[in-house]
Amino acid sequence: MKVIAVHLDRCTGCRTCELYCATERGSDAKTLLAAVSETPVPQARLRVEGAAGVSMPVQCRHCLDAPCLDACLTGALRRNADGLVVVDDARCIGCWTCVMFCPYGVIFPWPERKLALKCDRCGFMEEPVCVDVCPTKALELVDPATADEVYRARRRDAVGLAAASGAVPVLLDLAK
Amino acid sequence: MPSIIIVGGGVGGLTAALECRRLHPDQSVTLIDREREIGYYRTLLPMFMVRTLAEEKLFFWKPVGDAGLDVRLGVGVRSVDAAARRVVLQDGEALAYERLIIAPGGRPVVPPVFGKRSWPKGAFPVRSLEMARKVRDWIVGRKHIVVLGGGLVGSKTAVFMRQAGYDVSLVERQPHILPTVLSAQAAAPMQAHLVAMGIAVHVGATVDDYRTDADDALSEVHISTGRWIPCQAFLIGIGSQPETSLLADSGLLENGELVVSDTLRTSDPNIFALGDAVAVRRDGLHHPWTWPQAVVQGRYAGANVYRQAPVPIPRVTRVNAQNIAGTPIVVLGGAGAGTSVVSRRGESSGVWRELFLEGGRIAGGALVGDISGAGPLHALMVQGRDVSAEALDHLKTRTRAFAPAAWSRLAGDRLVKGGRTR
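Here the protein sequences line up with chains A and B, keeping their order. With this note's numbering, you'll find the first sequence wraps up at 176, consecutive numbering, no jumps. With this note's numbering, you'll find the second sequence wraps up at 422, consecutive numbering, no jumps.
Chain B with its partners taken away, still in its complex shape (with noise of 0.2 Å):
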């Protein structure tokens, strides 16, 4: 009988799996994936997909040989009964466990534009290795790219293309590019930039058409702002929800989301849960679906399946570091939040810096051009100091000796005192 059991295959249910197995070495661990191939770095898919990152760099973890690790790949859990304590596969088989560690991660959301007919050739929501694969093959020999949505994923991925040098076509609904990480003066530069790399942005626009080849292949989609526009392959990026839906009957979710403590438990202490499938409750609900958010939850998801008191992970933090077309972007958090923003920025230089405070706390910030100081900022948010007196020195450019030459730009720049309150 398996001791241990975890849904999901990704960099935090596979860490998990790692960390039973080192921990807990005379319990067996099966780890069950719906794809075929696991242990690869998911953020690398883009690069992969223009063949500017080799096959080998794609992988983290290769199949070993532990007898206690079983890895059932290419097979979904249907169902998990918690009185019972077993999971039931899609093909019927029905696990026994002690320990289930759930992490399923997310599913791709897909427009609406296709709901209701099939798919056509060319049209992939991207986010498994599978899919990138397809994508791969699929764009070699073609010309027209649609990026669908302008977010960290959406942006980077039509760098990528149009760096591989097709037609690269952005389509963001919000009025402006990274419109959930940065506030509307902070997203222009960016915009600008990717506009003079000759990638034609659509912002408040969606696809709500499309039309086919022969061939069934997409040859043209309809946006919003009333054009046509040629699309050879149509890569969707407007993010992922949580795949909780072999939990359905399981009890275990809250208003339809699988809660859990900052330790990872969920309502059946026997049960820890991690990764895009859960929201962590400390202060309020948390969704931080990032990749190190899923390797630091795997490991304490890990430890915590047989300790007597679960330890909670450090930070619940959704931040995101990104090098999109040369520039840095740090983002703490979510434009929007706080009450008051403190930023310093360069009129000519593109380099913006701006924290949003909270009662003195930090509650977000980004930092786009000049990322400089941008651990410390973070080790300040995840503290909850009260920063409010010395916030606009914090954004200072940390120089060195030798200073990178585009963040020196900043030195002569107009600063932006106080700032505005939300």
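Just chain A, same shape as in the assembly (with noise of 0.2 Å):
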């Protein structure tokens, strides 16, 4: 299963991804003119963290213990057979018990509706919204398998580094 990635260096803060996302996944109109008009207005599910220099959009891990899946009340939120942690729109009551176990702060009350969003990585489509609009390609769908790859790599770099600029690598003796 892919995994949203974020390149740090190339997010601007723009919040181009909240935009798309709320139009496209909470609109009516799919467009984002007819969008700001709507009531109740659109939510995004995704939020831009940090200021100008530093920031970077965070949206759901799906995280492998997820509190929110053992803080749901009504059994609104679930796992999927993608691994996936979803809301069942249905189910949802608008508790908000949710959004107060999620430590990473992105499930989001949407109160107009009466409902919790969250990031589903648009499994249904084909891209999610937001990596397919971002206009520095700062995020990007990866396999996680790909991501350690590229871990990898920056690690042997660092290692290489250090070790060309005469640094003695340190090693913990675990006996002490």
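Please keep in mind that the hints were generated in silico from the structure rather than gathered at the bench. Please note that a few of the clues may not be correct.
Claimed, not checked - Capping the alpha-carbon separation at 25 Å, the derived lysine-lysine pairs in BS3-like fashion look like this:
hint : chain 1 : residue 1 : chain 2 : residue 2
1    : A       : K114      : B       : K134
2    : A       : K114      : B       : K121
3    : B       : K121      : B       : K156
4    : B       : K57       : B       : K156
5    : A       : K30       : A       : K137
6    : B       : K57       : B       : K121
7    : A       : K114      : B       : K57
8    : A       : K2        : A       : K137
9    : B       : K121      : B       : K134
Note that the coordinates shown come from a computational prediction; the quantities given were computed from them, not determined experimentally.
Two chains, each in its own frame: build the complex with the hints.
And the structure:
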């Protein structure tokens, strides 16, 4: 299963992802111009955190041990066959217990509709809207296995740089 | 011989049973509950009573064909004999166990007004589905409902009853509603909202007498401020107390409380306990009697029963979230906790966000009207992080590109800094 990755060096904090998430997934009209005048105002399922210089979009991590799943009072939250944590709108009563239990703050109350909103990674679409619209390609849909390869390469680079600079690697002696 | 016996089929006990079956499939499990129906969402009972929730949405579990899970309903447990490793049922049958999980939950607190006489028709302590069914049928064709207890459950029940068209009175002993979770100032707009809905709110009062009609059904109750109010159904929502009577002679109680470690183990290594019946020891005693806690504790108890080194539960917070008549509320801990208060509040919008700090750490707090960022605040509280430097920032509304209209009202409101020392 692919996950949404963020290139921190590319995010400018423009919130285009938020606008189009709300438009595509929350509005009736599906166009930004019409969406802003809808009542209730459409809501995004992700949020751009941070300030100018350091920003990143944050959306549901679909935690393996998800606190929200334990918290749901009505059975609206469940993990689907793809391993994604999703909300069954018909069962959600808007009690906001899951909102309180999400340590990332990425379950959003939508009081006007009495619904808890969260990222479902646009599971039924070809590509998540946020990934599609990001003007700097800061958001990317990647396979976790590929991400591991990226990390490995970066670690290799770091070790190589350290060696080139003459730094002596420090090893932990667990026996001490 | 049953390997694991679980006393109590609330969400905690049932979760433990299912977890035991999943992790220890070669061990048989016997689940015992005095109720005839289990596997329902207790928190949805107020909605169920006024028929805004369909019956099929009330259940999260139905008995399934699992030969290793023996579910015995409608029978209580009389006593636990830890030395002989057996429990005795109310009908006298004795069952031996290898591991025991005790999750009997709570029993509703009842007001002294009914203490001496037999209960009249129309008075209900609402905690079980059986009782909720009785209320649902009883209120048909009746009009006047009195809810005793202005806490989260009582207030929510009153709102649902009012929305269903009943004449509702809410009676609370303390000077304001939601007394254990909100400060007087934070509760004021909520209380005003309930009054605006048409609920008669009687605070600083309790019910001290009642009258019945010829059919022995309630007709009026007397509140201590000196009035008789019409009452055809009297719903009691003043909390619960641990159901530990079955453990009176078990040797498991400590000053009358069923105390467990944060791995949910009792003083007997073969016996675990969880849910609304227990006090959890972790830097003091905690009573986190909430649904999410019961679920987590059920999972951990089921996993811990056969572990060499049982694993502690991740958190012992007693937190609550509610949507009362359209106003979202998150309660991170009891009013009165901590030594200083940091708050942001809207003068006109009814938005109230406050944190109670103890040595820089979050000891509690309340978010009313705007609950954005509640999850991270709860996580900071669980971590015990020192937030004194940025507490006020944490209370800022966390906006998004499209902000809910109701929340942007706070932006123009006065900022209250620092706060008072208790």
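Enumerate the violated hints, using their earlier numbering and listing them in ascending order. Those not satisfied are hints 1, 2 and 6.
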